[in-house]
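Undergrad: For what it's worth, full-length UniProt numbering labels the leading residue of the first sequence as 1, then goes sequentially.
What the hints contain is simulated information worked out from the structure, not anything from laboratory work. A few of these clues could be false.
[Stated by the list, open to error] Label-pair restraints from in silico Cβ distances:
#	residue 1	residue 2	range
1	Val-603	Asp-645	17 to 23 Å
2	Lys-597	Asp-681	22 to 28 Å
3	Gly-395	Gln-720	46 to 52 Å
4	Gly-395	Lys-708	52 to 58 Å
5	Gly-424	Leu-729	28 to 34 Å
[As the list claims (entries may be wrong)] Okay, derived cross-link-like pairs now, DSS-like style, lysine-lysine, Cα gap no bigger than 27 Å in a straight line:
#	residue 1	residue 2
6	Lys-746	Lys-685
7	Lys-348	Lys-325
8	Lys-651	Lys-699
9	Lys-578	Lys-609
10	Lys-651	Lys-704
11	Lys-610	Lys-635
12	Lys-422	Lys-477
13	Lys-281	Lys-297
14	Lys-438	Lys-477
15	Lys-234	Lys-206
16	Lys-597	Lys-746
17	Lys-498	Lys-422
18	Lys-563	Lys-610
19	Lys-597	Lys-613
20	Lys-234	Lys-253
21	Lys-597	Lys-699
22	Lys-253	Lys-183
23	Lys-746	Lys-708
Since the model is a prediction, treat every value here as computed from it, not as a measurement. The beta carbon of each residue, even a glycine, is placed where N, CA and C say it ideally should be.
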Amino acid sequence: MSITLLASKHSNFIRVVESCTIRFSFLLRHLSTEPAIPPPPRQNDDSNVEQVLQLLQIPDHEWNTTQLNHLLFSNPAPSPCLLFQIARRLPSSSQALKFLKYLQYNSPLPDTQFLSSTLQTVFELASREPGSRTNLYELYKASKEWNIPLTINSATLLIRCFGRNGLVEEFSILFDELEHSLKNTQVRNAVIRLLLRAGLVDKAFKVLDEMLRPEFDYHPDNVTGHIIFSWLMKRERLGRTDTREEIVELVLKFGKFGVFPNSIWITQMVTVLCSNGKTIKAYDLLLELMTLGAALKVAPFNALLTGLGRDKDFNRMNEVMVKMKEMDIEPDVITFGIIINHLCKFRKIDEALEVFQRMNKGQEVGGVSVEPDVVIFNTLIDGLCKVGRQEEGLGFLERFKTQKEWSPNTVTYNCLIHGFCKAGEIERGLQLFDEMNKEGIVPNVITINTLVDGMCRNGRTASAVQFLDEMQRKGLKGNAFAYASLINAFYHVNNIRKAMEIFYQMLREGFSPDAIVYYKLISGLSQARRMDDATSLLSKLKESGFHPDVSCYNDLITGFCNKNRTDKVKEMLSDMEKAGINPDSITYNTLISYCCKIGDLEVAQKIMKKMIKAGLSPTVATYGALVRAYCLDGKVDEAMKIFRDMDAASKVTSNAVMYDILIESLCNNNDVELALPLMDDMKAKGVKPNTATYNAIFKGLREKKWLKPAIELMDTMIEQACNPDYVTLEILREWLSAVGETEKLKNFVQRYEASASAT
DNA sequence: GTAGGGTTAG
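Work the whole structure out from these sequences, hints included.
TA: Set out below in structure tokens:
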């Protein structure tokens, strides 16, 4: 550094003072650092160089050795620098080699070290010539015989050339043969780079590990860091589970020598760690790097904040913000994007708006002011839509359409369209769709999917099919998502045929189904008890490289239970076990209720115990299945006991279905007097009776001819907006007309119709 | 011998 600066800025005098004889021979003796090009020669050498070169121009057998000897070996002795100057101007390596041999034979000096720089030139010239692959190795072997030591530059050059030419064996030998003093950081860097490129990872790391030992002479520098980190950062290696922890350790080891990966690589590491559930590790890594003095930018912190946000680790998020402030790392628009998004995801939309207001006014937020961008707006609009405030979201759009510096994009419209579709306002969604087209904002696959899905969810399946067709014709494609919505919609109305048709249309049009499409198909088919079709789709799902999830298995198990295929149920359960998927409470409930249905209460109880042992709490459905089973078995007392136990001992609260089962069973048992208090119980617990509940109790009351409570319940039924069905009307009509209370019934029907038309 | 972090549809 000092030499180049002086040479460029100061006079020749200083160059002479910093002269190469002293400097260069010093360097050669100590071999500690190495100049890429030797310093300029002494001034009076210049004419010597020219003269020698002239003498060397004629064929070597005619060299005038007397004159050469005079020029080179009279006092002072030839400096390696001068020789270097001469040799590097020779036209070929063979010429330089001849010159080297001449020096060897004619030198009066006993040592060979002063020839090292000339040898270096031979290597340099040879490396640029064709055939260098074999030549260099031969030259290297010869130099060993001649006992001329390598300069560091020679060693580096040879290693590079061997490596470049795939002579891995040769450069390994060379490296092993080098003296310790030549195996400095620069040489090691070259070796590590080549070993890694040749795939000899273990060898490379052996060379590196020495350097990482604190007591070792040569420590890693930024070049070492660059080689290792860029190798590590190759996606496939970074993603490997078994190396992630090692990478963190390695980075910290480098950090002890003040060598750090650049900001981009640190960000990548943080991102990978975070997305693999190692957020804390990422957090610790950043903190340690800061302690070691790494200059960190905002991006790695943004990556970490994203990971912490995903983990809902609000405390650490705050800590990170504090640390950033301490380290004077200013949050940027992305940091705010993360914070606002996080607030939105937790439905804290007003807090998010507050952060935005402060940004927007250019007020200081945490000491900095940052201009919001389109992503910030989109995040807020989405946040508003997600909590049903899509009108406000639309207001945002209108307000900012008038501003020059911000224009909405496809995402903006997608968020709003989704918001309106979710609220059932398909027309508004379609209006926005037209508007974006007019504004020249191109809809994407998400836009199409959202609208198709919205229509499907609002019972407009036919329009959804039509819309999708129309868009496909216009070149706006949906994807598997849209088809999944359609398939789901058709299943919902029990149109299995149409659902399958859509599935095959999807295949015809070249869309490959994703896991969710398969899940929906399997679920629909299982519900329709078409277990053969469901099974064949299960195979297709597996063939496509997907794996069924627990709900998918649950659907299949339900289907097989309905078909009494215990063999297949067992098969599914063992499949799950093999795949390492734990049954959830729905799986257990399905099995329990099946056992109950076939009257095997003993097994049902056993499964329930297993469920509790697996750490799952029985749910209201579990108890409901048991209660129903005991009721069906005529053991209403047993059933009531389970019900009371559940109420007293567990956190499970009854639902309408549970009461339905009990009330119906009690009424069937002609125990309506026991059922009536349960109606009060429901009221007290805020459980709304449904039509089935009323039907059951009306039936029970009719058996006992208890008119008064029945008439009271008719009023409650209307008040609670519970719609009577034809069963209700059938029971009441028969009974009330028999006892001459037709007026009451007429009144009941009128009030029901009035309330129905009001909604 | 590399290019990081925030927004949208089941």
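Undergrad: Could you run down the list of hints and mark each one as holding or not?
TA: Hints, verified against the model:
Checked against the given bound of 17 to 23 Å, the beta carbons of Val-603 and Asp-645, roughly 20 Å apart, stay inside it. Between Lys-597 and Asp-681 the beta carbon distance is about 26 Å. The supplied range of 22 to 28 Å therefore holds. At about 37 Å, the beta-carbon gap between Gly-395 and Gln-720 misses the expected band of 46 to 52 Å. Checking the proposed 52 to 58 Å range against Gly-395 and Lys-708 shows it holds: the Cβ atoms sit about 56 Å from each other.
Hint check: Gly-424 to Leu-729, Cβ distance near 30 Å, so the stated range 28 to 34 Å holds. A distance of roughly 31 Å separates the Cα atoms of Lys-746 and Lys-685; the hinted pair therefore is violated under the 27 Å criterion. At roughly 24 Å between alpha-carbon atoms, Lys-348 and Lys-325 fall within 27 Å of each other, so this suggested pair holds. Of the supplied pair hints, the one linking Lys-651 and Lys-699 is violated, its CA atoms being roughly 32 Å apart against a limit of 27 Å.
For the suggested pair Lys-578 and Lys-609, the alpha carbons sit about 22 Å apart, so the restraint of at most 27 Å is met. The hinted pair formed by Lys-651 and Lys-704 fails the criterion: a straight-line CA distance of about 35 Å is larger than 27 Å. Our distance criterion of 27 Å between C-alpha atoms is met by Lys-610 and Lys-635, whose separation comes to about 24 Å. The hinted pair formed by Lys-422 and Lys-477 meets the criterion: a straight-line CA distance of about 21 Å does not exceed 27 Å.
A hinted pair counts as satisfied when its Cα atoms are at most 27 Å apart, and Lys-281 with Lys-297 qualifies at roughly 19 Å. For a cut-off of 27 Å, the pair hint linking Lys-438 to Lys-477 stands: about 19 Å separates their Cα positions. For a cut-off of 27 Å, the pair hint linking Lys-234 to Lys-206 stands: about 20 Å separates their Cα positions. Note on Lys-597 and Lys-746: the hinted pairing is violated, with a Cα-Cα distance of about 40 Å set against a maximum of 27 Å.
Annotation: proposed proximity of Lys-498 to Lys-422 holds, straight-line Cα distance about 24 Å (limit 27 Å). Taking the CA atoms of Lys-563 and Lys-610, the gap is about 24 Å. The hint holds against a cut of 27 Å. For the suggested pair Lys-597 and Lys-613, the alpha carbons sit about 23 Å apart, so the restraint of at most 27 Å is met. Restraint check for Lys-234 and Lys-253: the C-alpha separation of about 20 Å stays at or below 27 Å, so the hint holds.
At roughly 24 Å between alpha-carbon atoms, Lys-597 and Lys-699 fall within 27 Å of each other, so this suggested pair holds. At roughly 21 Å between alpha-carbon atoms, Lys-253 and Lys-183 fall within 27 Å of each other, so this suggested pair holds. Simply put, Lys-746 and Lys-708 have alpha-carbon atoms about 17 Å apart, close enough for the 27 Å limit, and the pair holds.
Checked against the numbered hints listed earlier, the structure breaks hints 3, 6, 8, 10 and 16; every other hint is satisfied.
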